[in-house]
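J.: Protein sequence lines correspond, in order, to chains A and B.
For the first sequence, position 70 (counting from the first letter as 1) is numbered 70 according to our numbering, and the numbering increases by one without interruption.
If you want our numbering, it's the 1-based position in the second sequence plus 114.
Do not take every clue at face value.
[What the hints assert, rightly or not] Output of the computed footprint for chain B on chain A, the stretches with three or more beta carbons under 8 Å from beta carbons of chain B:
| hint | region |
| --- | --- |
| 1 | 29-42 |
| 2 | 48-62 |
| 3 | 86-95 |
| 4 | 107-113 |
[As the list claims (entries may be wrong)] Straight line, CA to CA, 35 Å or less: simulated DSBU-like cross-link-like pairs of lysine-lysine:
| hint | chain 1 | residue 1 | chain 2 | residue 2 |
| --- | --- | --- | --- | --- |
| 5 | B | Lys152 | B | Lys130 |
| 6 | B | Lys152 | B | Lys184 |
| 7 | A | Lys57 | A | Lys13 |
| 8 | A | Lys1 | B | Lys130 |
| 9 | B | Lys184 | A | Lys57 |
| 10 | A | Lys13 | B | Lys152 |
| 11 | B | Lys130 | B | Lys117 |
| 12 | A | Lys1 | A | Lys57 |
| 13 | A | Lys13 | B | Lys117 |
| 14 | A | Lys57 | B | Lys117 |
| 15 | B | Lys152 | B | Lys117 |
| 16 | B | Lys117 | A | Lys1 |
| 17 | A | Lys57 | B | Lys152 |
| 18 | B | Lys184 | B | Lys130 |
| 19 | B | Lys117 | B | Lys184 |
| 20 | A | Lys1 | A | Lys13 |
| 21 | B | Lys152 | A | Lys1 |
[What the hints assert, rightly or not] Calculated from the model, a selection of chain A residues having no Cβ within reach of chain B, i.e. all distances over 10 Å:
| hint | residue |
| --- | --- |
| 22 | Lys1 |
| 23 | Ala2 |
| 24 | Thr20 |
| 25 | Arg67 |
| 26 | Asn71 |
| 27 | Arg73 |
| 28 | Thr80 |
| 29 | Glu82 |
| 30 | Ala100 |
The hints are simulated quantities; they were obtained by calculation from the structure and are not laboratory data.
Quick reminder that beta carbons are idealized off the backbone N, C-alpha and C, glycines included.
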Amino acid sequence: KAGVTQTPRYLIKTRGQQVTLSCSPISGHRSVSWYQQTPGQGLQFLFEYFSETQRNKGNFPGRFSGRQFSNSRSEMNVSTLELGDSALYLCASSLATGGADTQYFGPGTRLTVL
Amino acid sequence: AQKVTQAQTEISVVEKEDVTLDCVYETRDTTYYLFWYKQPPSGELVFLIRRNSFDEQNEISGRYSWNFQKSTSSFNFTITASQVVDSAVYFCALSIIQGAQKLVFGQGTRLTINP
Chain A
1 KAGVTQTPRY LIKTRGQQVT LSCSPISGHR SVSWYQQTPG QGLQFLFEYF
51 SETQRNKGNF PGRFSGRQFS NSRSEMNVST LELGDSALYL CASSLATGGA
101 DTQYFGPGTR LTVL
Chain B
115 AQKVTQAQTE ISVVEKEDVT LDCVYETRDT TYYLFWYKQP PSGELVFLIR
165 RNSFDEQNEI SGRYSWNFQK STSSFNFTIT ASQVVDSAVY FCALSIIQGA
215 QKLVFGQGTR LTINP
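With the hints as extra help, turn the sequences into a complete structure.
T.: Structure (structure tokens):
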């Protein structure tokens, strides 16, 4: 089975722009979660989507949003980029939601905001 | 609220030494899951193990072993006879049954195995 894929792998944007990141889960997985990883804050939960519905959201401003499509693929969007949004964005998929399932991670998208 | 603490920021050992990575967690929930992930320089988090709160049996997988002790809220990870390929950042994480897939991660331990 193919693993979780994320595109693009690298992005360079300037302040004020917006960006969309994409995640394709493992085949059959219906839950997709997003995490932000920075040297200062570590790994932080952004949000989870299951059956096209947002299940939970972390403590991030409204500039961070996401969606999930009927094929379970997910996108996250960051509007009005700030320097502090530079990070590795990791997507993870699991079979189900609820907290008990193992999450499998993709390779990440490294976003640099100049 | 849940919290995971990995007090060891960096560990450096010589190849073939045994090394233990510590993980202490906090939660008021009685049902929860604990995980260990490995992050090599490529950046992808690689799943190593999942343990639920009702299963305190230690687990061994090759050179890897895990010691779960509810009495001390710890879930430590030991690598026996370490190898250079074990060099990575290791994360301990906690998940509770709350209706969503949300992992709370520790800050990670950077492990360097020197030849």
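J.: Run the distance test for lysine 117 of chain B versus lysine 184 of chain B: straight-line Cα separation, threshold 35 Å.
T.: Holds, because 15 Å separates the two Cα atoms, which is no more than 35 Å.
J.: Cut-off 8 Å, C-beta pairs, minimum 3 residues; does the coverage of the region 29-42 of chain A by chain B stand?
T.: Per the Cβ count (4), the hint holds.
J.: With a C-beta cutoff of 8 Å, work out whether three or more residues of the region 86-95 of chain A approach chain B closely enough for the coverage to hold.
T.: holds (count 4)
J.: Within 35 Å, alpha carbon to alpha carbon, are lysine 1 of chain A and lysine 57 of chain A?
T.: holds (29 Å)
J.: Does arginine 73 of chain A sit more than 10 Å from chain B, CB to CB?
T.: holds (16 Å)
J.: Against the 35 Å threshold, does the CA-CA distance of lysine 130 of chain B and lysine 117 of chain B hold or violate the hint?
T.: holds (32 Å)
J.: Under the criterion that the straight-line Cα-Cα distance not exceed 35 Å, is the pair lysine 152 of chain B, lysine 1 of chain A satisfied?
T.: This hinted pair holds, its Cα atoms lying about 20 Å apart.
J.: According to the definition I'm using, a residue is off the interface if its beta carbon is farther than 10 Å from all beta carbons of the partner; does arginine 67 of chain A meet that for chain B?
T.: Correct as stated: the minimum Cβ-Cβ distance to chain B is 16 Å, above 10 Å.
J.: Checking the smallest CB distance to chain B, is lysine 1 of chain A really beyond 10 Å?
T.: holds (14 Å)
J.: For the pair supplied as a hint, lysine 152 of chain B and lysine 117 of chain B, confirm whether the alpha-carbon distance does not exceed 35 Å.
T.: holds (19 Å)
J.: Is lysine 117 of chain B within 35 Å of lysine 1 of chain A, Cα to Cα?
T.: holds (33 Å)
J.: Keeping to a limit of 35 Å between CA atoms, is the pair of lysine 1 of chain A and lysine 13 of chain A held or broken?
T.: Judged against 35 Å, a Cα distance of about 33 Å means the pair holds.
Of the numbered hints stated above, the single one contradicted by the structure is hint 30.
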